[in-house]
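Student: What follows is each chain in one-letter form.
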Amino acid sequence: MSFTSQLYPGEAIFDDSTPEHATLPPAGTTRGLMLDRRTTPFGQMVGAPPFPQELLIPRGEWQARIQEMEERKSNISSISIAAGLPCKDQDGIPYCWIFGPTHCAEIVRVIQNQPMVELSAASAGALIKNFRAEGGWGEEGLAWLVEHGQVPTSTWPENKLDRRYATAENKQLALQYRVTEWMELRPRNTDELVSCLLRRIPVAGGYNWWSHEITNCDAVWLDGDVSIRIRNSWSMSWGDKGFSILRGSKMLADDAVAPHVATAS
Amino acid sequence: MKRLAFLILLCTGAAWGQSPSPQIVNAKVGKQAVLQSKAVGEVAWVWDRRYLPEDQVYHDKAAKTLVVTSGHAVTFLVTAVEHQPTKGFVQVEYLVTFTGGPGPGPGPDPVPDSLEARMKRAYEADKAAGKVTDAQMRDIRDLFKVADQIVAKLDSTNHLYMTLDMYFKFSASKVDQVRKVIDTHLAGVHPPTKDVPLTEELKKAFGVAFSELAKAVEACLAPQPPPGPVSGFRVIFVSESSANHTREQLNILSSTAIAGYLNAKASKDEKGRPAWRRWDKDVDVTNELESWKVFWTNVKPKLGTLPMLVISSDRGIEVLPLPATEADTLTFLKRYGGQ
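So the protein lines, in turn, are chains A and B.
Under the numbering used here, the first residue of the first sequence is numbered 532, with each subsequent residue one higher.
Under the numbering used here, the first residue of the second sequence is numbered 89, with each subsequent residue one higher.
Hints were generated in silico from the structure; no laboratory data involved.
Every value quoted in this text rests on a predicted model; they were computed, and no experiment measured them.
Take these hints with a grain of salt, some might be off.
[Unchecked claim] The list that follows gives simulated cross-link-like pairs (lysine-lysine, PhoX-like), each with its CA atoms no further than 25 Å apart:
(1) B/K359 - B/K388
(2) B/K356 - B/K422
(3) B/K388 - B/K356
(4) B/K422 - A/K604
(5) A/K702 - B/K381
(6) B/K353 - A/K604
(7) B/K359 - B/K369
(8) B/K381 - B/K359
(9) B/K353 - B/K381
(10) B/K381 - B/K356
(11) B/K356 - B/K390
(12) A/K702 - B/K359
Could you build all of it, start to finish, from the sequences and the hints given here?
Tutor: See below:
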C-alpha cells in the first residue's frame, strides 16, 4: 500500500496550478524578498560552506524516511509543535528575508533543547537595513545572525523598526542568540533541500515566484512524490498554524540557507 | 511617599550549607539608605554593580537576589556572600531600586515557584511593556513576607550596600538618567562606600541574618534543585551536526520519545528545565548556565567518535557511543533515570 503523508487540517497546497491570487499575503501583511539585489553569488559567502555532497540522501530512501519520521513524530514540524514554538508574524514590514532565518534559528534552539525563545526578526533586520522597511534575501539575514545574533521578542518586538530598541544592552544580549554553523544550498536543488529536512535541519528558502522567504520544515510524500512543508511568517492564522505545502516547481527555492548550530544559552 | 529600605538577602550555597562556612574577608560598610520615589508611574528596575569588578558578580552565584516592590519607589539594600575565585567567600552588597506602578491586580497567590523561575520571570517580563506584571506582583507579596522576617532580625544601624545594574528596556541615556537620580539620593544619605574590616560584631549580626534568611526563604519558596556544577541525571547527545549520520542515528538524535522520557526523568537545571541537550561538538556554551559549562568542560576532552551519549548520574560521568537504535537508547537511559 502506497504511503501518503497526513497533512495538518488547515494546510493549503500550493503547486503549479495554484492561481497567483491564492498565494498573496493576507491584508495588512507583506513579503519582502529582493533576490535581484543579492551581492554574493552561491558559494562565495564567507563562513557558509556549500551543502556537502556526502550529506545527500538517495531519492530511493525518501519515502521510507518521511514515513518513519511522521510515524515517530520526529520531523521538524512535530518537534516545533511539541515545543510550543509559534510561527512568526512579520505584520506589515517587508522582512520575510529575516523572518525565515529567524524561525530557523528558533527551531535549531528547540532541537538543541535550549529554552524555547521567540526571537525578534526586527532586531536583526532593522539593523541590517538601518531601520528602513525594505526587502532583502535570506543569506544576507543569516549572515547577520551568525555575526551579531538577535534578541528575544520580549526585549525587541518582532516587527518594530524602532531605534529606541537599539541599545547597548540589546547588542550585548544578541550575542547569546547567534547561529554558529550554517550552510548554503544550491539554488533550486530539490535533493539538497530534502536531504537537509530529512536530517532535521531547517532551511530558510527564498522564492522568486512568490517574492517571499519562508522556513522549509519537512519533506512530505504526496501522490507518489516529495513535497515540502513550509512555515510562513504571516501569523498563526495562515495555513495550519503557519504550515502549508509547496510542491512541483513552486517548492524550488532560489535562495536557501540552513543553520544547524546555535549558541547554547 | 518615603519608605525605608529593606535588607533582603537570598543566599544559596554558602548559607545553605553545601559549602564550608563562608569566611568573610572584607566588606563595604555604610549606613542604611533611605530613598524616595522620583518617578512614580515609571518602572525602573535598576541593579547596578558599579562597585564590583565585572568578573566577581556572577561567579559561582553563591548569592542570588531578587527584590521587588509595590507601587512606590523603594530601594532595597541587599547583602550576600559570594564566592570569588581569588578571594574565596567575600561579602558583597547590592542596592536594588524599583519604581513605578503595578498592574491592575495580581490575583490570588499561586503555589510558590522556584527562586530561579521567579528570577527568570522577573528578568524577562515587561521589557517592552515597561509595567509590573501580575506574576511579579505575586512575587512581590512573597518577597515582602521574606523581607519582613529578615528586617525584624536586623540591626538597622549597620547595613551594607550596594550595587546597581540595568535591566529592562532602558536606552543608555535613560540608564544614565536613572543612575543620576539614585546617585543624588545616595549622596544625601550616606558617604561614598569604602572598604572597612568586618568586625566581629558585624559578623555576628550578619550571621544571624543569614541563618534567618535561610529559614525565611525556605519557608516561602519551593524546594530548590541541589546546587553544584553537576548533579542528578543529566544527558547530552553530542554530534557533528554537519556529519553524515546514519538514518538510525538521526532517529535517535531527533527522537521525541527520548525527549519525552528525558523531560520527565532528567534532573532540573538551575532554571528548572530538564537537564538534557543535543549539542554539536563545537557548540558555544559561553552563555549557558554555569552547571552546563562546567559539565561540558569536563566532558569535551573525553569525546571520541561521534555521535556520543554523555550521562551524568550518581555513578559519575560516562561518555558512551550512541546505542544502535532509538529503542535501545531509551532502554539504556532507563537504567539511569528509571522507568
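Student: Hint by hint, which ones does this structure get wrong, listed from lowest number up?
Tutor: Per hint list: zero violations.
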